[in-house]
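Take the sequences, apply the hints, and build the full model.
By my numbering, the letter at position 22 of the sequence shown is numbered 22, and the numbering carries on one by one without gaps.
Hints were generated in silico from the structure; no laboratory data involved.
Wrong hints could be hidden among the right ones.
[Stated by the list, open to error] List time: in silico SDA-like cross-link candidates among lysine to any residue, alpha-carbon distance up to 20 Å:
(1) Lys7 to Pro106
(2) Lys25 to Cys9
(3) Lys112 to Ser93
(4) Lys46 to Ser35
(5) Lys41 to Tyr22
(6) Lys139 to Asn122
(7) Lys41 to Tyr58
(8) Lys7 to Ser93
(9) Lys25 to Met13
[Unchecked claim] Cβ pair distances, simulated, as ranges:
(10) Cys107 to Gly26: 29 to 39 Å
(11) Lys25 to Lys135: 16 to 26 Å
(12) Phe43 to Lys135: 21 to 31 Å
Even glycine gets a Cβ: it sits at the ideal position worked out from N, Cα and C.
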Amino acid sequence: MTVIFSKKCEYGMQAVLYLAAYMEKGVIRAEDIASSLKVPKEFVSKILQSLTASGIVYSKKGKFGGFSIAKDPAQIRLIDIVAAIDGLEMFNSCVIGFPHCSPETPCPVHDKWGELRTLAYNMLTEETLDNFKDKTINKIRTI
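Here it is, written out as structure tokens:
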């Protein structure tokens, strides 16, 4: 169930975690990533192409083309992926959509959501891809 992120962002995070976990393989075809993650290939290709523009992913065209991580996984934070795909507006807007929700004019869930939003933002900002290699590999094996 999607709570915060779009489906595109969820798939993007899965694909980038996959690339980081298997970076020793070099360039990996979108078909292989999609097959391993059980997600649509066209969707994975499109998402990874957009992440190429942000410098998170490297793309190689041609018969032996595919995708890889563009830099050291210790330098890529989860928030970088979220920012590249969904943007960071979710951390500034009302979770239930009330206009003009603020600390001065809070919505009914403003205070509780604010705590959760801060925790989520901090985790995404502090965690880098290298922290998830083993967990990613273990999860992919169970898909």
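Here's how the hints hold up against the structure:
no.: 1; hint: Lys7 to Pro106; result: violated (28 Å)
no.: 2; hint: Lys25 to Cys9; result: violated (24 Å)
no.: 3; hint: Lys112 to Ser93; result: holds (14 Å)
no.: 4; hint: Lys46 to Ser35; result: holds (15 Å)
no.: 5; hint: Lys41 to Tyr22; result: holds (18 Å)
no.: 6; hint: Lys139 to Asn122; result: violated (23 Å)
no.: 7; hint: Lys41 to Tyr58; result: holds (17 Å)
no.: 8; hint: Lys7 to Ser93; result: holds (19 Å)
no.: 9; hint: Lys25 to Met13; result: holds (19 Å)
no.: 10; hint: Cys107 to Gly26: 29 to 39 Å; result: violated (48 Å)
no.: 11; hint: Lys25 to Lys135: 16 to 26 Å; result: holds (18 Å)
no.: 12; hint: Phe43 to Lys135: 21 to 31 Å; result: holds (23 Å)
Going through the hint list in order, the structure does not satisfy hints 1, 2, 6 and 10.
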